[in-house]
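**Student:** Now for the letters of each chain:
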Amino acid sequence: MKSEFLRFVIKKFLIMVLTVFLISLAVFYIITLPPGDFLTNYVGQLQAAGESVSQETIDKLKAVYGLDQPFIVQYWKWVTNIVFHGDFGYSFLWKMPVTSVIQAYIVPTIVLSLVTMLFTYLISIPIGIYSAVHQYSLGDYLFTSIGFIGMAVPNFLLGIILMFIAFKLTGDTMLGFFSAKYQTAPWSLEKFIDLLKHCIIPILVIGLMNTCGLMRTMRSQMLDELSKNYTLAARAKGLKMRVIRYKYCVRAAINPIAASIGWSLVNIFTGTTIVAIVLNLPSMGRVMYDALLDQDMYLAGSWLFLMAIMTVIGTFLSDILLAWLDPRARKEYIQG
Amino acid sequence: MLFQKKNEQKRYSLPDNVLLKAEDLRVNIKIDGAVLNAVRGIDLELKSCETLGLVGESGCGKSVTSKEVIGINPSNCSSTGSILFKRKDGTVLNLLELERDGAEYRAIRGNEIAMIFQEPMTAFSPLYTIGNQMSEIILIHHPEATKKDAKEKIIEMMKLVGIANPEIRFDQYPHEFSGGMLQRALIAMMLSNEPDLLIADEPTTALDVTIQAQILDLMKRLQSELGMSILFITHDLGIVASMCQRVAVMYLGEIVEFGSVRQIFHNPKHPYTGNLLRSLPRIDSDREEKLYAIKGVVPVPVDLPEACGFHERCEQCMEGICDKRFPPVIEVEPGHFVRCALYGKSEG
Ligand SMILES: Nc1ncnc2c1ncn2[C@@H]1O[C@H](COP(=O)(O)OP(=O)(O)OP(=O)(O)O)[C@@H](O)[C@H]1O
Ligand code: SF4
Ligand SMILES: [Mg+2]
Numbered sequence: 001m002k003s004e005f006l007r008f009v010i011k012k013f014l015i016m017v018l019t020v021f022l023i024s025l026a027v028f029y030i031i032t033l034p035p036g037d038f039l040t041n042y043v044g045q046l047q048a049a050g051e052s053v054s055q056e057t058i059d060k061l062k063a064v065y066g067l068d069q070p071f072i073v074q075y076w077k078w079v080t081n082i083v084f085h086g087d088f089g090y091s092f093l094w095k096m097p098v099t100s101v102i103q104a105y106i107v108p109t110i111v112l113s114l115v116t117m118l119f120t121y122l123i124s125i126p127i128g129i130y131s132a133v134h135q136y137s138l139g140d141y142l143f144t145s146i147g148f149i150g151m152a153v154p155n156f157l158l159g160i161i162l163m164f165i166a167f168k169l170t171g172d173t174m175l176g177f178f179s180a181k182y183q184t185a186p187w188s189l190e191k192f193i194d195l196l197k198h199c200i201i202p203i204l205v206i207g208l209m210n211t212c213g214l215m216r217t218m219r220s221q222m223l224d225e226l227s228k229n230y231t232l233a234a235r236a237k238g239l240k241m242r243v244i245r246y247k248y249c250v251r252a253a254i255n256p257i258a259a260s261i262g263w264s265l266v267n268i269f270t271g272t273t274i275v276a277i278v279l280n281l282p283s284m285g286r287v288m289y290d291a292l293l294d295q296d297m298y299l300a301g302s303w304l305f306l307m308a309i310m311t312v313i314g315t316f317l318s319d320i321l322l323a324w325l326d327p328r329a330r331k332e333y334i335q336g
Numbered sequence: 001m002l003f004q005k006k007n008e009q010k011r012y013s014l015p016d017n018v019l020l021k022a023e024d025l026r027v028n029i030k031i032d033g034a035v036l037n038a039v040r041g042i043d044l045e046l047k048s049c050e051t052l053g054l055v056g057e058s059g060c061g062k063s064v065t066s067k068e069v070i071g072i073n074p075s076n077c078s079s080t081g082s083i084l085f086k087r088k089d090g091t092v093l094n095l096l097e098l099e100r101d102g103a104e105y106r107a108i109r110g111n112e113i114a115m116i117f118q119e120p121m122t123a124f125s126p127l128y129t130i131g132n133q134m135s136e137i138i139l140i141h142h143p144e145a146t147k148k149d150a151k152e153k154i155i156e157m158m159k160l161v162g163i164a165n166p167e168i169r170f171d172q173y174p175h176e177f178s179g180g181m182l183q184r185a186l187i188a189m190m191l192s193n194e195p196d197l198l199i200a201d202e203p204t205t206a207l208d209v210t211i212q213a214q215i216l217d218l219m220k221r222l223q224s225e226l227g228m229s230i231l232f233i234t235h236d237l238g239i240v241a242s243m244c245q246r247v248a249v250m251y252l253g254e255i256v257e258f259g260s261v262r263q264i265f266h267n268p269k270h271p272y273t274g275n276l277l278r279s280l281p282r283i284d285s286d287r288e289e290k291l292y293a294i295k296g297v298v299p300v301p302v303d304l305p306e307a308c309g310f311h312e313r314c315e316q317c318m319e320g321i322c323d324k325r326f327p328p329v330i331e332v333e334p335g336h337f338v339r340c341a342l343y344g345k346s347e348g
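Chains A and B supply the protein sequences, listed in that same order. Just so we're aligned: 169 in the numbering used here is position 169 of the first sequence, and the numbers increase by one with no gaps anywhere. Just so we're aligned: 102 in the numbering used here is position 102 of the second sequence, and the numbers increase by one with no gaps anywhere.
Just to be clear, a hint being listed does not mean it is correct.
[What the hints assert, rightly or not] Among chain A residues calculated to face chain B with C-beta under 8 Å, some are:
id: 1; residue: LYS11
id: 2; residue: LYS12
id: 3; residue: ASN229
id: 4; residue: LEU232
id: 5; residue: ALA233
id: 6; residue: MET241
id: 7; residue: ARG245
id: 8; residue: ALA252
id: 9; residue: PRO256
id: 10; residue: ILE257
id: 11; residue: ASP326
id: 12; residue: PRO327
[To be verified] No more than 25 Å apart at the CA atoms, straight line, and that leaves these computed lysine to any residue pairs for SDA-like:
id: 13; chain 1: A; residue 1: LYS240; chain 2: B; residue 2: LEU216
id: 14; chain 1: A; residue 1: LYS228; chain 2: B; residue 2: ILE29
id: 15; chain 1: A; residue 1: LYS181; chain 2: A; residue 2: ASP194
id: 16; chain 1: A; residue 1: LYS247; chain 2: B; residue 2: LEU127
id: 17; chain 1: B; residue 1: LYS30; chain 2: A; residue 2: SER137
id: 18; chain 1: A; residue 1: LYS331; chain 2: B; residue 2: PHE170
id: 19; chain 1: A; residue 1: LYS247; chain 2: B; residue 2: LYS148
id: 20; chain 1: A; residue 1: LYS247; chain 2: A; residue 2: PHE156
id: 21; chain 1: B; residue 1: LYS153; chain 2: B; residue 2: LEU95
id: 22; chain 1: A; residue 1: LYS197; chain 2: A; residue 2: PHE156
id: 23; chain 1: A; residue 1: LYS247; chain 2: B; residue 2: TYR128
The set of hints was computed from the structure by calculation and includes no laboratory data. Where is the CB? At the ideal position from N, CA and C, for every residue including glycine.
Next up, chain A with everything else stripped away, as it sits in the complex (with noise of 0.2 Å):
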């Protein structure tokens, strides 16, 4: 068994790999896709702007990203760049290096994502064991209508609302990822705190719809496990209740949100965009945003590129959580 699964993890990681490989051909071959090289394009806007960028800089960047080279060359030096120096290319749109910008924003976007969905779990789980045990009670009542309202309140509403409150009260709209003097200052823990500060609201925007959805879906899930067979057969032996709650029903009842763990964190990644805008946050997907409107190709596709392979690790991840949780996905998995 333990070989067998050790197998199943190696062959999932090759097929992964490989998704990767192609999935990054895919990225290079867009970012090539706009008639003309972006450097011909970049010079000659800035040209037009009445800049002038000296040929050295041009014969620079020709090189390192072999610009004048056939796709596959490009490719290669592109891959390369990637793997051994960490380089995604050049960002023309900012100026700097893809890589720049994304350490800017990439940070706080992944805080704001795990911070969001460790809400949106510790919260939603246990509430939905808690109305399913307690089924029908005054607190499944509250809970369930607080899930459907959660539901239907559209996010960008309850972030203005939010932002309104907030003002209200600390007369700071809490726009943003930090505080003015936080804002350049270097990485300490008063800044950390001030970032946390500020995601309170976008992780209650974009962490509330999730977390009422998957209340609901616990909560099913949980009700359903509790009327099986298996609950009367471990009540019949003498298993305590709550053993047969914890041990046996939340543990199948987790099964299928555990295993889109891997999946909510790309919707959760991709879902802070409208949110970001609302919220004037500057977060990747913001960014990524204005990259496309812009065109500006390698931060487009770095960006592309770094969202495949987070929804790949993630398939990836909820894969093999699943052959791990649930012995019979692990036999189908393996044999098939």
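Use these hints to put chain B with the ligands onto chain A, whose structure you have.
**Tutor:** Frame of chain A, contents of chain B with the ligands only:
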């Protein structure tokens, strides 16, 4: 009741050879504001080491009755009457007085009363190994036992019920077992604490005929080896004839006839029992003879009138009598009881 102290609790007693006695047991189920009278005042008596058959059509309340004995009906069920049970130490309890999932009831379940189910495939959780789930029954009732002790005992039980390669089977998951093997595993688990009472709720209905016969043989063998009473629920009268000493025929939440297998099969008194027997396929019968089907369907037990529960379907229904009052229970011969107005009319 409320002000009674524990040591003032009513003392119950049962005759020497009686293990379980239910009196006027009623179970009501609340659903969507309506109340379903699933069990409507039944009396049952189970002797030590006997197998009592509980037969009747689908929906007559067999499962609700049996689950009430072991206390695992859902929380929308409420019950009245009494179920007296003699514990291993000889004390007699009224099971209905125990808290449903309280410590006292749990100590009895799986230890003194055990139960096996119709669908062995769903009686185990798919997420844990069979060994893990089977061991629990040892670990719950013997806090001093280690996991290793439990495993040893379970493997011994698996051998007893004829599961080959128990050491390998122990670490397998339910989906790696066939239905028949799972039923064996369930039986092995439920009997590992040598309970005095085994409730078997249609344990072979979901299995192939050949496997059915094997499981029935196994149960008979284990009963004689371990010495226990079995409450055998089925709608298959053929199985009753081969397994049971006494039979209770249930209809619409009531026991309409009760007696020894001989009495019920050779001298059925209640029209419903007669119909059930006529609907039984007989190997020795003429092929041309059509199987008898009882007309109509079992009514839903909600707001039932004060009448014989069978009167709408009964061919011998007497207007003005059967549909006007509950027929009394009459002992037509020693140990043979019938609830039908055809008998003992003089009383009315
Ligand atoms: N949990 C429940 N909720 C609502 N109604 C129920 C519930 N359990 C049983 N009933 C009803 O109670 C009645 C008796 O059901 P029960 O399961 O005891 O029948 P049964 O004799 O075991 O039938 P079968 O042969 O189909 O197993 C039926 O009318 C059934 O619909
Ligand atoms: S009491 Fe009347 S209706 Fe009921 S079974 Fe007997 S004869 Fe039939
Ligand atoms: Mg049943």
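**Student:** If a hint holds in the structure, say so; if it does not, say that too.
**Tutor:** Results for each hint:
This hint is violated: A:LYS11 has a C-beta 21 Å from the nearest C-beta of chain B, more than the 8 Å allowed. Using the Cβ-Cβ criterion of 8 Å, the hint placing A:LYS12 at the interface with chain B is not satisfied: the shortest such distance is roughly 21 Å. Annotation: A:ASN229 was flagged as interfacial toward chain B, and the flag holds, the nearest CB pair being 4 Å apart, inside 8 Å. About 5 Å separates the beta-carbon of A:LEU232 from the nearest beta-carbon of chain B, less than 8 Å, and the hint is met.
Restraint check, A:ALA233 versus chain B: the minimum CB separation of about 4 Å is within 8 Å; hint holds. A distance limit of 8 Å between C-beta atoms decides the matter here; for A:MET241 the minimum to chain B is near 5 Å, and the interface restraint holds. The closest approach between the C-beta of A:ARG245 and any C-beta of chain B is roughly 11 Å, which is over the 8 Å cut-off, so the hint fails. Hint status for A:ALA252: holds, given a least beta-carbon distance of 6 Å to chain B, under 8 Å.
The beta carbon of A:PRO256 comes no nearer than 13 Å to any beta carbon in chain B, farther than 8 Å, and the hint placing it at the interface is violated. The interface hint given for A:ILE257 is violated, since its Cβ lies 14 Å from the closest Cβ of chain B, which is over the 8 Å cut-off. Checking A:ASP326 against chain B by beta carbon gives a least distance of about 7 Å; that is within 8 Å, so the hint holds. Given the 8 Å rule on beta carbons, the hint for A:PRO327 holds: about 4 Å separates it from the nearest Cβ of chain B.
Restraint check for A:LYS240 and B:LEU216: not satisfied, since their Cα atoms lie roughly 30 Å apart, outside the 25 Å limit. Of the supplied pair hints, the one linking A:LYS228 and B:ILE29 holds, its CA atoms being roughly 18 Å apart against a limit of 25 Å. The straight-line distance between the Cα atoms of A:LYS181 and A:ASP194 is roughly 10 Å, inside the 25 Å bound, and the hint therefore holds. Restraint check: the Cα-Cα separation between A:LYS247 and B:LEU127 comes to about 10 Å, which is no more than 25 Å; the hinted pair holds.
For the hint linking B:LYS30 to A:SER137, the alpha-carbon distance of about 16 Å falls within 25 Å, and the restraint holds. For the given pair, A:LYS331 sits about 17 Å from B:PHE170 by alpha-carbon distance, which is consistent with the 25 Å threshold. Using a Cα cut-off of 25 Å, the hinted pair A:LYS247 and B:LYS148 holds, with the two alpha carbons roughly 20 Å apart. Taking the CA atoms of A:LYS247 and A:PHE156, the gap is about 39 Å. The hint is violated against a cut of 25 Å.
Taken as a hint, the B:LYS153 and B:LEU95 pair is broken in the structure, with Cα atoms around 29 Å apart against an allowance of 25 Å. For the proposed pair A:LYS197 and A:PHE156, the alpha carbon gap of about 19 Å is at most 25 Å, so the pair holds. Between A:LYS247 and B:TYR128 the alpha-carbon distance is near 10 Å, which keeps this suggested pair within the 25 Å criterion.
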